[in-house]
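Turn these sequences into a full structure, and let the hints guide you.
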Amino acid sequence: MSFLEQYNYWIVIFLMMSGFYIVIAHGNLIKKLMGLTIFQTSVFILYISISKVIGGTAPILDDRYTIYSNPLPHVLILTAIVVGVATTALGLALAVRIKEAYGTVEEDVIQEKDLQQEGSAE
Amino acid sequence: MLTGIYSLLSAAFFVLMDAVDVAFTEAAVGAGISTILMVTTLTMTGRYENRKLHHPVIALSVVVVTGVMLVIGTMDMPAFGSDMAPAQVHVGPYYIMQSGEDIDIPNVVTSVLASYRGFDTFGEVVVVFTAVIGVLALLEFSRKDNQVGERPAPMFQHKILRIVSKILIPPIMLFALYVQFHGEYGPGGGFQAGVIFASSIILYAMLFGIEQTRKAVSMPVVKILAALGVLIYGSVGIVSMLNGGNYLNYSVLAENDITGQHVGIIIIELGVGITVATAMILIFLTFARRIGKTNSNSSTKEGTA
Numbered sequence: 001m002s003f004l005e006q007y008n009y010w011i012v013i014f015l016m017m018s019g020f021y022i023v024i025a026h027g028n029l030i031k032k033l034m035g036l037t038i039f040q041t042s043v044f045i046l047y048i049s050i051s052k053v054i055g056g057t058a059p060i061l062d063d064r065y066t067i068y069s070n071p072l073p074h075v076l077i078l079t080a081i082v083v084g085v086a087t088t089a090l091g092l093a094l095a096v097r098i099k100e101a102y103g104t105v106e107e108d109v110i111q112e113k114d115l116q117q118e119g120s121a122e
Numbered sequence: 001m002l003t004g005i006y007s008l009l010s011a012a013f014f015v016l017m018d019a020v021d022v023a024f025t026e027a028a029v030g031a032g033i034s035t036i037l038m039v040t041t042l043t044m045t046g047r048y049e050n051r052k053l054h055h056p057v058i059a060l061s062v063v064v065v066t067g068v069m070l071v072i073g074t075m076d077m078p079a080f081g082s083d084m085a086p087a088q089v090h091v092g093p094y095y096i097m098q099s100g101e102d103i104d105i106p107n108v109v110t111s112v113l114a115s116y117r118g119f120d121t122f123g124e125v126v127v128v129f130t131a132v133i134g135v136l137a138l139l140e141f142s143r144k145d146n147q148v149g150e151r152p153a154p155m156f157q158h159k160i161l162r163i164v165s166k167i168l169i170p171p172i173m174l175f176a177l178y179v180q181f182h183g184e185y186g187p188g189g190g191f192q193a194g195v196i197f198a199s200s201i202i203l204y205a206m207l208f209g210i211e212q213t214r215k216a217v218s219m220p221v222v223k224i225l226a227a228l229g230v231l232i233y234g235s236v237g238i239v240s241m242l243n244g245g246n247y248l249n250y251s252v253l254a255e256n257d258i259t260g261q262h263v264g265i266i267i268i269e270l271g272v273g274i275t276v277a278t279a280m281i282l283i284f285l286t287f288a289r290r291i292g293k294t295n296s297n298s299s300t301k302e303g304t305a
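Heads up: the sequence lines are chains A and B, in that order.
Mapping to the numbering used here: the first sequence position 90 is 90, numbers consecutive.
Mapping to the numbering used here: the second sequence position 266 is 266, numbers consecutive.
I should point out that these hints are in silico values taken from the structure, not numbers from a laboratory.
On a predicted model such as this, the values are computed, not experimentally measured, just so you know.
Backbone N, C-alpha and C define an ideal beta-carbon position, used for all residues, glycine too.
Any given hint could be a false lead.
[As the list claims (entries may be wrong)] Over 12 Å on every C-beta distance to chain B, these chain A residues come out as not near it, computed from the model: (1) Lys113; (2) Asp114; (3) Leu115; (4) Gln116; (5) Gln117; (6) Glu118; (7) Gly119; (8) Ser120.
[As the list claims (entries may be wrong)] DSBU-like mimics (lysine-lysine), calculated; alpha carbons at most 35 Å apart, straight line: (9) Lys99/A - Lys215/B; (10) Lys223/B - Lys166/B; (11) Lys31/A - Lys223/B; (12) Lys99/A - Lys223/B.
Dropping the structure here:
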């Protein structure tokens with residue numbers, strides 16, 4: 001019985017691990033950022049699902065309701081979403097600059113070029 | 001496109017979970033701005049990737065092991081929706097019980113965001129502002145002039161799109177203002193309003209070109225406004241200190257505690273809204289200008305006619 005009560009965490013773990021896999025397995029920097037975004041949304045879902053109370057309603061006070069979901073995780077996540085898009089934009093800006101400097105956003109090609117430069121400098 | 005759908009789905013999920021404010025933000029941010037940013041970056045960095053993966057087997061096994069360990073960890077977690085979970089018995093009930101008396105606005109999320117945890121929110125606004133400074137430093141000031149844009153012409157030749165958007169943009173802005181000033185009573189507030197306002201400007205930019213938008217929306221003014229929003233927020237804290245309270249304690253802003261709280265919340269939400277809106281506009285315009293510098297001049301002439 002208690003086995004199925006925690007399915008919300010499993011969904012979060014599945015999403016989080018998909019994001020994690022993308023981040024470590026792909027060499028493309030844009031893909032990595034997308035993986036990070038998926039990872040991030042899984043954390044959002046974790047917080048929001050924790051805040052849910054069965055039978056509760058949205059935390060906007062009204063005389064008709066007595067049970068509300070927990071407002072605190074909502075606050076944390078709604079600011080985190082906006083901050084998340086701003087920081088993702090910063091990451092994308094870095095990727096654009098890397099593309100301009102190296103002509104690619106593939107990690108291994110960038111490393112090769114770095115090694116070549118070091119070799120020619122010595 | 002898929003990220004847009006994903007965001008819309010998560011927004012629907014958040015509504016089911018009673019998190020209407022969060023759903024609002026996710027719908028505005030995820031379905032609009034973050035998708036546009038991803039697509040813009042992809043046009044700059046190339047749409048094809050190297051198919052080779054880094055040791056996919058090792059990566060997969062690391063991921064599976066971590067996942068299994070996390071699943072084992074969830075065995076000790078409280079059941080979904082339980083009202084006895086540790087998260088539900090600490091400050092959450094206090095906010096729900098007391099915010100009606102302390103602050104007297106119906107939307108508990110707004111009172112927690114702006115008043116109880118105002119310090120936290122100030123930090124978030126500063127992070128957004130810092131990210132914008134970073135984007136500007138990386139992309140705006142180091143532009144090479146010989147760069148050739150490969151951006152397709154703006155969509156002004158589609159008459160229906162142009163007219164419908166022209167009709168839509170003012171109501172979108174109006175709706176943003178409604179969300180801004182109605183955040184105390186329903187879902188909404190500075191974060192959502194800022195993003196919605198920015199999306200109306202972005203819609204304009206997509207139709208009439210970046211250069212045209214830069215004429216309509218003065219970049220120096222937008223930059224100053226971005227800083228001004230943070231300044232407004234911070235100075236509310238200073239004013240409450242000068243009035244003898246703690247930093248960001250709004251109760252001392254007026255004779256009556258509750259009026260003080262209302263005044264404080266409205267002012268700081270305004271600061272948040274200004275910073276978020278200008279931040280999103282700045283990020284989008286800097287990204288878009290990077291690709292479409294050369295070919296938008298010729299195409300925007302007809303857009304105004």
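Here is how each hint holds up against the structure:
no.: 1; hint: Lys113; result: holds (14 Å)
no.: 2; hint: Asp114; result: holds (17 Å)
no.: 3; hint: Leu115; result: holds (17 Å)
no.: 4; hint: Gln116; result: holds (18 Å)
no.: 5; hint: Gln117; result: holds (20 Å)
no.: 6; hint: Glu118; result: holds (21 Å)
no.: 7; hint: Gly119; result: holds (22 Å)
no.: 8; hint: Ser120; result: holds (24 Å)
no.: 9; hint: Lys99/A - Lys215/B; result: holds (29 Å)
no.: 10; hint: Lys223/B - Lys166/B; result: holds (25 Å)
no.: 11; hint: Lys31/A - Lys223/B; result: holds (30 Å)
no.: 12; hint: Lys99/A - Lys223/B; result: holds (26 Å)
Of the numbered hints stated above, none is contradicted by the structure.
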